[in-house]
Amino acid sequence: MEAASIPETPSAQPRRRFGDVLADNILWVLMLIALVIFFAKDPQQTLDDVKTGLSNGLIWALIALGYTLVYGIIELINFAHGEVFMIGSFVSVSIWQTLNITPDSAILPIIGSILIGLIVAMLASSTLNVMIERVAYKPLRTAPRLAPLITAIGMSFILQNVGLLWRPQPDSSPDLIGSQNDYFHVFGVAIEHSDVFAVIVTVPLLVGLLWFVGQTRYGKAMRATAQDPDAARLMGINVDRTISLTFLLGGLLAGAAGMIYALYNGTIQFNQGFTAGLIAFTAAVMGGIGNLKGAVVGGLIIGVIQSISDTHFGQVWTPAVVFAILILIMVFKPSGLFGEETREG
Amino acid sequence: MTALALGVAACGGGSDSGSSGGGGGGGGGRTSLTIYSSLPLQGDSRPQSEAVVNGEKMALEEAGGKVGNFTIKYVSLDDATAAAGKWDPGQTSSDARKAAQDASTIVYLGEFNSGASAISLPILNEAGVLQVSPSNTYVGLTRAEGADKGEPDKYYPSGKRTFGRVVPADHIQAAAQVTYQKDEGCKKTYILNDKEVYGKGLADQVASIAKTQGLAIAGNDGIDTKAANFRTLASKVKSSGADCMFFGGITQNKGVQVFTDVSAVNPDMKLFGPDGVAESPFTSKLKPSVQKMTYVTNPTLDPKLYPPAAQDFFAKYKEKFGKDPEPYAIYGYEAMKVALLAIQNAGDKGNDRQAVIDAFFKIKDRDSVLGKYSIDENGDTTLSDYGADRVQDGKLVFDKVIKAQTQG
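Line order of the protein sequences matches chains A and B.
Each residue of the first sequence is one higher than the last, beginning at 11 in our numbering.
Each residue of the second sequence is one higher than the last, beginning at 61 in our numbering.
Bear in mind the hints are in silico, worked out from the structure with no lab data behind them.
C-beta atoms are modelled at their ideal positions from N, C-alpha and C, and glycine is treated no differently.
Take these hints with a grain of salt, some might be off.
Simulated restraints on C-beta separations [what the hints assert, rightly or not]:
1. Ala375(B) x Thr137(A): 48 to 58 Å
2. Gly218(A) x Asp453(B): 39 to 49 Å
3. Ser268(B) x Phe333(A): 32 to 42 Å
4. Val209(A) x Ser300(B): 22 to 32 Å
5. Asp453(B) x Phe167(A): 30 to 40 Å
6. Lys286(B) x Met141(A): 22 to 32 Å
7. Gln225(A) x Gly150(B): 44 to 54 Å
8. Pro149(A) x Gly279(B): 48 to 58 Å
9. Ile129(A) x Lys271(B): 54 to 64 Å
10. Val209(A) x Gly279(B): 30 to 40 Å
11. Ser115(A) x Glu379(B): 34 to 44 Å
12. Glu379(B) x Arg144(A): 29 to 39 Å
13. Ser300(B) x Val196(A): 52 to 62 Å
Result set (BS3-like, lysine-lysine): computed pairs, CA atoms no more than 30 Å apart in a straight line [unchecked claim]:
14. Lys247(B) x Lys51(A)
15. Lys352(B) x Lys126(B)
16. Lys117(B) x Lys409(B)
17. Lys248(B) x Lys271(B)
18. Lys286(B) x Lys303(A)
19. Lys214(B) x Lys248(B)
20. Lys255(B) x Lys271(B)
21. Lys343(A) x Lys286(B)
22. Lys409(B) x Lys51(A)
23. Lys432(B) x Lys220(B)
24. Lys248(B) x Lys51(A)
25. Lys117(B) x Lys51(A)
26. Lys51(A) x Lys286(B)
Here are some of the chain A residues that sit facing chain B, going by a computed Cβ distance under 7 Å [unchecked claim]:
27. Asp59
28. Gly276
29. Ser317
Work out the full structure, taking the sequences as your base and the hints as a guide.
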């Protein structure tokens with residue numbers, strides 16, 4: 011949570027040796043070297059992979075923020091978060107199906123329905139996330155750590171089954187944005203509609219979130235609660251409401267991610283939240299749990315690793331490659347690339 | 061009686077389960093027998109599986125629920141779980157155990173997926189129960205050529221064959237695929253597979269037959285069925301210079317996403333799929349532009365090409381259930397028919413599991429709704445015609461019959 015807090019004034023620290031700096035950044039260096047090697051091998055394909063990875067990574071980043079926000083404030087892994095994202099996808103596709111919007115509709119109704127889909131999906135997911143907190147986590151706030159962990163897993167399964175009842179078969183979303191049509195080319199890399207779309211929707215949300223947490227009174231309350239809930243309460247902060255607000259923000263982003271995912275990939279499935287949740291959670295841990303910037307960068311890095319691994323090691327090995335790198339990062343930097351920002355961290 | 065003994069043996073370790081071969085004495089009076097069906101009744105496969113169950117029920121009803129003196133009870137089991145959305149290994153093995161431990165079990169119809177049969181088959185084989193699949197096409201279940209090491213023997217721990225099928229196996233389908241691809245002008249095909257027993261098995265068969273038929277293979281990659289999309293893979297397919305793609309896999313393993321993503325990057329590429337995607341949950345979810353480039357091989361043919369008996373079946377099915385049957389309904393119907401015939405041919409020993417198995421493997425030149433066929437020593441049908449289908453308006457449309465060119 012402290013990610014966006016005012017940076018500490020640099021105090022007189024002992025000068026760091028080059029070796030220390032290298033040791034601190036060795037992972038970055040290694041990843042960069044790997045990227046350069048792949049680039050030398052096949053420049054065009056690597057550029058293409060990086061592009062695909064970054065745009066996939068934006069979706070992971072949005073979901074990862076939900077994990078990291080909640081972990082930062084109550085130190086709980088909200089396992090149901092992936093399912094909240096899935097519900098976002100389902101809600102937006104249902105809206106388009108109800109409105110009977112197809113790729114052949116006129117441009118204005120399409121844009122309108124995408125906006126409606128985005129807003130309703132965000133509202134639905136955030137309401138759901140707040141309700142989950144009320145029902146399954148709030149009563150357990152003073153309970154042993156394991157209790158809310160189990161209720162979180164329980165909520166995840168309940169929602170997955172709701173998704174299964176709602177849409178037992180994989181469904182396709184209407185291709186409203188011409189997802190994989192080329193928009194323009196940069197260095198021979200085709201930038202597709204979906205890439206542009208992901209950036210247009212995601213970047214304002216990320217910037218908005220950073221601003222909200224860093225610059226507003228509510229954000230300050232969130233940061234205070236994250237540091238020390240008791241002290242925050244003594245200072246007159248309504249801790250319960252602040253925690254609800256955190257879940258609300260996480261849900262908003264998950265809903266948006268769900269809508270983007272549906273248009274970006276074109277197919278939705280009741281168990282998509284499980285995999286997406288796992289990847290996003292990994293991204294949050296990789297970047298340093300509780301750290302907003304870390305979650306975003308972690309999401310982007312995982313996206314790129316996935317797509318490069320798809321090309322060079324075969325897709326079958328991709329999950330193994332992603333987690334092998336995660337293990338490396340944890341071993342060398344247990345608090346993640348950007349450092350954990352939790353009460354203890 | 062033997063069945064009863066087996067039930068007990070199953071608890072005690074099943075060591076003497078193969079002993080029913082002699083069969084002396086027969087059933088000692090058991091006249092009520094059970095035929096189990098095990099199919100994925102949840103997830104995408106549900107419509108197809110329900111149609112198979114309907115077909116099986118129709119066949120049993122036509123026989124009046126009886127064969128000779130034996131009354132046949134039908135029990136439909138589900139090998140899928142809601143969480144998986146498709147067949148599940150644990151559920152499948154629990155189905156097989158349930159049937160194996162029921163002393164009245166005489167035949168087990170299933171599974172729908174080859175990977176699932178690889179799990180239920182050894183259990184039922186040990187119990188000496190005849191298993192007939194309406195839809196399994198994986199070669200390794202019955203044949204050694206083109207299969208993995210140790211197949212098919214590892215599925216038959218009792219050392220005796222107990223499994224048969226009424227669809228042509230994948231060595232026929234793979235040959236039909238290669239023929240179809242060459243007919244459509246493919247020079248170089250990129251193969252993707254879903255890593256399952258069925259999908260990978262078929263992909264490997266296509267790759268090996270393609271070599272003998274002069275079709276180049278640009279690659280044969282497994283996919284991560286949990287991935288969000290396959291865009292990177294699609295661009296890899298493009299840079300390989302392939303002009304066709306073949307997906308060895310099933311709808312439930314992201315079939316639609318694979319076709320959509322590959323087609324987006326390679327709009328002129330012809331996309332081939334096997335019977336694992338020959339169903340409406342796949343075809344109806346493809347974009348029109350992808351539908352145009354999609355080619356599917358399917359053991360089910362144009363209804364008009366089946367013998368007159370089949371036309372009767374189609375008409376009765378529609379009358380009874382108010383809609384046209386899904387492609388595999390007729391195979392469910394025939395699986396039940398041939399199972400009942402085996403019981404009938406076993407005569408007085410129709411309640412003896414081994415006698416029914418022996419009778420099944422002796423079936424020759426049977427005039428069925430699928431045409432005239434025999435069961436060979438592997439348990440395979442001698443039918444070999446494959447259908448080539450296209451997709452129009454989200455539906456499979458029969459294109460032509462392929463006479464598969466199998467080698468040797």
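Each hint, compared with the structure:
1. Ala375(B) x Thr137(A): 48 to 58 Å: Once the Cβ atoms are compared, 52 Å apart, the range 48 to 58 Å for Thr137(A) and Ala375(B) holds.
2. Gly218(A) x Asp453(B): 39 to 49 Å: holds, 43 Å
3. Ser268(B) x Phe333(A): 32 to 42 Å: holds, 33 Å
4. Val209(A) x Ser300(B): 22 to 32 Å: holds, 29 Å
5. Asp453(B) x Phe167(A): 30 to 40 Å: holds, 38 Å
6. Lys286(B) x Met141(A): 22 to 32 Å: holds, 28 Å
7. Gln225(A) x Gly150(B): 44 to 54 Å: Since Gln225(A) and Gly150(B) have Cβ atoms about 52 Å apart, the given range 44 to 54 Å holds.
8. Pro149(A) x Gly279(B): 48 to 58 Å: holds, 54 Å
9. Ile129(A) x Lys271(B): 54 to 64 Å: holds, 55 Å
10. Val209(A) x Gly279(B): 30 to 40 Å: Given a distance of about 32 Å, which is inside 30 to 40 Å, the answer is holds.
11. Ser115(A) x Glu379(B): 34 to 44 Å: Holds, since Ser115(A) and Glu379(B) (Cβ atoms, about 40 Å apart) stay within the stated range.
12. Glu379(B) x Arg144(A): 29 to 39 Å: violated, 54 Å
13. Ser300(B) x Val196(A): 52 to 62 Å: violated, 24 Å
14. Lys247(B) x Lys51(A): Given that 30 Å is the threshold and the Cα spacing comes to 27 Å, the pair holds.
15. Lys352(B) x Lys126(B): Answer violated: Lys352(B) to Lys126(B) is near 48 Å, above 30 Å.
16. Lys117(B) x Lys409(B): Judged against 30 Å, a Cα distance of about 23 Å means the pair holds.
17. Lys248(B) x Lys271(B): holds, 11 Å
18. Lys286(B) x Lys303(A): Roughly 27 Å between the alpha carbons, so the hint for Lys286(B) and Lys303(A) holds.
19. Lys214(B) x Lys248(B): Distance ~35 Å between Lys214(B) and Lys248(B) Cα, so the pair is violated.
20. Lys255(B) x Lys271(B): holds, 21 Å
21. Lys343(A) x Lys286(B): Given pair Lys343(A), Lys286(B) holds - Cα atoms ~28 Å apart, limit 30 Å.
22. Lys409(B) x Lys51(A): violated, 69 Å
23. Lys432(B) x Lys220(B): At roughly 26 Å apart (the allowed maximum being 30 Å), Lys220(B) and Lys432(B) satisfy the hint.
24. Lys248(B) x Lys51(A): It holds: about 24 Å lies between the C-alpha atoms, which stays within 30 Å.
25. Lys117(B) x Lys51(A): violated, 60 Å
26. Lys51(A) x Lys286(B): holds, 28 Å
27. Asp59: Status holds, d = 6 Å.
28. Gly276: holds, 5 Å
29. Ser317: holds, 4 Å
Of the numbered hints given earlier, the model fails hints 12, 13, 15, 19, 22, 25; all others are met.
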